[in-house]
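Asker: Starting from the known structure of chain A, fit chains B, C and D onto it as the hints suggest.
Note that the protein sequences, when read in sequence, are chains A, B, C and D.
In terms of the numbering used here, the first sequence opens at residue 78 and continues consecutively.
In terms of the numbering used here, the second sequence opens at residue 78 and continues consecutively.
In terms of the numbering used here, the third sequence opens at residue 78 and continues consecutively.
In terms of the numbering used here, the fourth sequence opens at residue 78 and continues consecutively.
Rather than coming from a laboratory, the hints here were simulated on the basis of the structure.
Quick caveat: nothing in here was measured; it's all calculated off a predicted structure.
Among the hints, erroneous ones may be present.
Since the list gives no way to pick out one identical chain from another, each pair is judged satisfied if it fits inside one copy or across any two copies.
[As the list claims (entries may be wrong)] Heads up, simulated SDA-like pairs for lysine to any residue below, C-alpha to C-alpha not over 25 Å straight-line: (1) Lys-412 with Leu-399; (2) Lys-136 with Leu-399; (3) Lys-154 with Glu-304; (4) Lys-200 with Ala-124; (5) Lys-319 with Glu-413; (6) Lys-291 with Ser-258; (7) Lys-412 with Lys-423; (8) Lys-146 with Ser-216; (9) Lys-154 with Arg-368; (10) Lys-289 with Gly-174; (11) Lys-333 with Asp-370.
4 protein chains.
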Amino acid sequence: MIIMNTDATEEQINRVVEEIKKYGLRAEISRGAFRTIIGLIGDERKADIERLGGLPGVKETRMIETPYKLISREYNKASGPGEECAVIKVGDVEIGGDEPIYISGPCAVESREQVFRIAEGVKMAGAHILRGGVFKPRSSAHSWQGLGAESGDLAIEALTWLREAGDRYEMPVVTEVRGESQVDLIAEYVDILQIGSRNMYNQDLLVKAAQKGKPILYKRHFGAGAEEFLSFAEYIASEGNKNIILCERGIVPVGKGKSFTRYTLDLGVVPAIQKETYLPIIVDPSHAAGRRDLIFSMSCAGIAAGACGLMIEAHYNPSEALVDASQLITPEELKEIITVCQQIHKATRARANART
Amino acid sequence: MIIMNTDATEEQINRVVEEIKKYGLRAEISRGAFRTIIGLIGDERKADIERLGGLPGVKETRMIETPYKLISREYNKASGPGEECAVIKVGDVEIGGDEPIYISGPCAVESREQVFRIAEGVKMAGAHILRGGVFKPRSSAHSWQGLGAESGDLAIEALTWLREAGDRYEMPVVTEVRGESQVDLIAEYVDILQIGSRNMYNQDLLVKAAQKGKPILYKRHFGAGAEEFLSFAEYIASEGNKNIILCERGIVPVGKGKSFTRYTLDLGVVPAIQKETYLPIIVDPSHAAGRRDLIFSMSCAGIAAGACGLMIEAHYNPSEALVDASQLITPEELKEIITVCQQIHKATRARANART
Amino acid sequence: MIIMNTDATEEQINRVVEEIKKYGLRAEISRGAFRTIIGLIGDERKADIERLGGLPGVKETRMIETPYKLISREYNKASGPGEECAVIKVGDVEIGGDEPIYISGPCAVESREQVFRIAEGVKMAGAHILRGGVFKPRSSAHSWQGLGAESGDLAIEALTWLREAGDRYEMPVVTEVRGESQVDLIAEYVDILQIGSRNMYNQDLLVKAAQKGKPILYKRHFGAGAEEFLSFAEYIASEGNKNIILCERGIVPVGKGKSFTRYTLDLGVVPAIQKETYLPIIVDPSHAAGRRDLIFSMSCAGIAAGACGLMIEAHYNPSEALVDASQLITPEELKEIITVCQQIHKATRARANART
Amino acid sequence: MIIMNTDATEEQINRVVEEIKKYGLRAEISRGAFRTIIGLIGDERKADIERLGGLPGVKETRMIETPYKLISREYNKASGPGEECAVIKVGDVEIGGDEPIYISGPCAVESREQVFRIAEGVKMAGAHILRGGVFKPRSSAHSWQGLGAESGDLAIEALTWLREAGDRYEMPVVTEVRGESQVDLIAEYVDILQIGSRNMYNQDLLVKAAQKGKPILYKRHFGAGAEEFLSFAEYIASEGNKNIILCERGIVPVGKGKSFTRYTLDLGVVPAIQKETYLPIIVDPSHAAGRRDLIFSMSCAGIAAGACGLMIEAHYNPSEALVDASQLITPEELKEIITVCQQIHKATRARANART
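Next comes chain A alone, as it looks inside the complex (with noise of 0.2 Å):
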């Protein structure tokens, strides 16, 4: 749609209508007391608007159809009795389905023990997927940046730990793709391709990893809005790839002083997100909140909100691990919040699914 100026002259309005034949659309000009308003009849993405809305006489334009298709709830049940609410098969587990998914692990993959200890924990919490991170992403260029910056094979060792503790335990595994040049590599260890906050615009990262044909699961940037987040998300559709777990894990705080959380969790997009596309959305509180006296409050809410899963940091002894320490819980602290989440669950899902 295209707003045209007050005093934009007859000759700048054929101008703007001679524009939009050209991308093959109709203009329907509708003429006001105050001012002309163009809008264009077809599919308005086939038009360049922010080129339009650099025309003589332009106002401002309006985009009324939304930029991601591929995954819009809407666009989908339009075009035929399409995916209305995606569920994601990973082995045996279904991301998106019928019960809340519980990732877990630990926040960086230190030694074959390590892992497992945690692993065989979260098993017993009731974790389905085990997470580990090898290419840790870290707001200081000073601090460890986990195994696979090490020199040697340790990156390939610490994949192989991940997946031999997937396996022995029996769940799938996800790690986090931090740059391009690990894709081809993590793809042969796991089953799930992390993309992290931090890398949630990096287009070429997406492209390459949606390649492999993994599921994707993709994190919303602490700087971005929920439109935006989908917009992205479209990048991996475009390959071709629409199995997408998308995650909220906190924006950047707003406002003066402390904010007493690391970041502010967003949960109502969890709901809003899942009547805009049919994708599984999951929430991470443990960077959320940056705190684990935080995280079982903000884990129930969560669900409440009508989240498809958690992912949540753990280990045997916070205070040892090398990464995040102020933030992981217990096996056992786990195992109480699944607990509470599945009543809570089972409270609200009585109701008509938040997802339909």
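Answerer: Just chains B, C and D now, kept in the frame of chain A:
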């Protein structure tokens, strides 16, 4: 704490120490390899930290203690067997007690019949407290500002209807005090004075309302950090009124594009603030969502996060309402929310109470 | 404009059309391949768009016109040979005229001697208007709130000193009106009433201050969008008072970690707002920076962006000041700023004036 | 610095002290009336502060020193007669020297003729460096992604045109490296590698680009705090490449409603960052504004704030451009901007240089 520049001179350091002493505090000098840091021993609030920050050679200053000592859980615990978890009693209703409380009613009071009909509906649904706006804060100067803005005695009539509906259906009543000039009038009619989000920083209103001695329902501003929220709540407590019910109602969305909710509900602050202060906190999903199809999920999430209650706007026929029509739910929907929330509350409180 | 769901029924569309007609508007139905959009022909502000958004089958609504028609440049131009570029005259000073104006003085009035000494200094430096705070809004309830908060007649004394210093050094004076109860008193003493950032949304204060008929210096809230700022300025204009001097003073910083400035000065709004409204806008670098070593650069940037003036806090001995010590500059530094800013203004105004 | 809870036990305090010693640091215990604070004496970056924050009895931790020591002005000064104000030389052009530099060219390279014609235009206008996008990062997966995304050798052709145009008109050239796989190719053709806003956090790309040894034009992410920006610039410096040109290009707007600019240009960081680091910083008004009628004012403001240069997109016929049409200016407009900016620079540099 005063952090000096690396090239701060002895003279500059001495000047800072002397200024600290003038405030009746002791200065502790810590000379590192790289720079000197000066700690304030004693009650650092006696000093004007900002002024010290302006002295020559000072790089920056940082407060260690909170600016909200009167409502701080830690300060209260430290100063003796103080209040650890305030329960605010309004008639028979306890806010911050064992059970969540539900505040509901119309967005705006429109007629006697409307208030009574909605009051009856929300009472049947399980609400404990009746709300209704008489003086409405609006984004546009050209929107209807509530009956309080009409000529004649309509404000008094509207307040009377609200009072009588509360009495009739045995619910205490709350309404927003938008400006100082309304405090005396409103305090005659209602049990709880609401300070709205837009007035969070309005210290003159806070002080005047606090002096009435009635409980204050105090909403966080949508641009306020969590610490700032508590710092301004301290204005109320400073008047000797600690009957403060905090309320999270959403902050401004971050990032480009649509946010899908009107504001971003920050549910992490619910448990976090309850660790910082002994005051109860409730959640307002209606204004955060701005759309009725998300109220159920966001209500459940609020209670799951540990909120002491919810404030939800209701109407028997939402599309007829003069204000906030798109976010209103029916009393029937409210009943369903309360039913599910009680199950969630039961599931979560089995664990150690979030407020202790 | 009303955007319908793709599966909206004819009945739902008809309902929307009928509701639009009830507001005395005409509905224009545009049926696309994918969905129906309904335009409102006539003055869309007559309709309650939010209410229409709550009707069944409606996906979303969008306003085309601004909510601030009284102060809109486009509306004024469209409605005849109206005001295109307001010049607000206060005594001999013209705000919004050919030359930028400089407002300076102490952050807080502390004593007669202090006000006079600073007034003399800033006058010599080239300032046109004298500022000084009597009722200080503070972040902490435990900080000094200005002489206005002291018992006895200190508020009146402080206002008298400010008035007399202004008269003595031939500068109009401005002070902040923090609460409604101060409006009558302050209006007796000063030429311009300042509404501070924290009160931007305080519509009762806006209305009461506007009714005095004196120019209003109106600061943007640090959490307010630019459009919201103008929408609330409309409350002042709605009282028939269009002598509004807008002021940008910084918004809350975005992102993790230190921002290096207390607030983020949004200088893009300076030219942008002057295209939206015919009102003048000035810049306050002092509160945005929060540190004196950036005042020079941010002042220059403000004038270069096209601001109609600057408001800068000054003190002959910054580290002695009771409030905002870290951001105060001396009259000598002010003089240097004004000298350089005048050169910048000369360089930029050669080009077509930013306000036309 | 480790801040303990008020009720921390001696045992907990001792544990913290011991953990600090394990990092080779000394712990300084400061026992206040209210709580104990433990300072780290030595290089606190040796310790994992986050891990210490997870120990029992710890309330919170705070870093005193910056995480970006390699690019810190203060660290460099302290460690001897180091670099105080980097000047980055690219051919005959000095970035960070006495005069601001101007980078201009098309948003996207579209054809040989287009690049040459624009290169000639911006050279005539006074530009020093030629820019042109080959691999374009786009918000929508369905938008044109630049010639780099086309099949065949179009990427190489586009880079060749850019290189030849730079040689022909005697300007070094810069283009964006959007993904790791493009680094080697692009480094063969251009003089400066640009890391775009969306890749600010992409540490794998930063490292790979840095290793080429060529200057890096490094843009702040629109959701990044200023300190975070410098922390990630440290990734480049850690590879031994200190030829970093920082670039401010706007952050996400705060608040409801329209912002009138696409992003919020944060000009306060320009002088602030130049006090924190010895690296030069430039400003990109084009992407911040998103509309051409504000480019003049925002360019002037950038130079007035002390920027070492500007990057501005230009086109001989803006409405013909395939990308960013609404924000492009003509070479003639660029010439006017440069002329006025040089006058502003002259006016401001008379004063002590902002970078010292």
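Asker: It remains to establish, for every hint, whether it holds in the given structure.
Answerer: For each hint, the structure was consulted:
1. Lys-412 with Leu-399: The answer is within: 23 Å in one copy meets 25 Å, while 48 Å across copies does not.
2. Lys-136 with Leu-399: Result: close only across copies, 19 Å inter versus 54 Å intra.
3. Lys-154 with Glu-304: Result: close within a single copy only, 19 Å intra versus 36 Å inter.
4. Lys-200 with Ala-124: Answer is neither: 51 Å inside a copy and 32 Å across each miss the 25 Å cutoff.
5. Lys-319 with Glu-413: neither (33 Å within a copy, 35 Å between copies)
6. Lys-291 with Ser-258: Both: 17 Å inside a chain and 21 Å across chains, each within 25 Å.
7. Lys-412 with Lys-423: Close inside one copy (17 Å) and across copies (18 Å); limit 25 Å.
8. Lys-146 with Ser-216: between (34 Å within a copy, 14 Å between copies)
9. Lys-154 with Arg-368: between (41 Å within a copy, 22 Å between copies)
10. Lys-289 with Gly-174: The answer is within: 23 Å in one copy meets 25 Å, while 48 Å across copies does not.
11. Lys-333 with Asp-370: both (23 Å within a copy, 21 Å between copies)
Consistency with the previously given hints fails for numbers 4, 5, ordered from lowest to highest.
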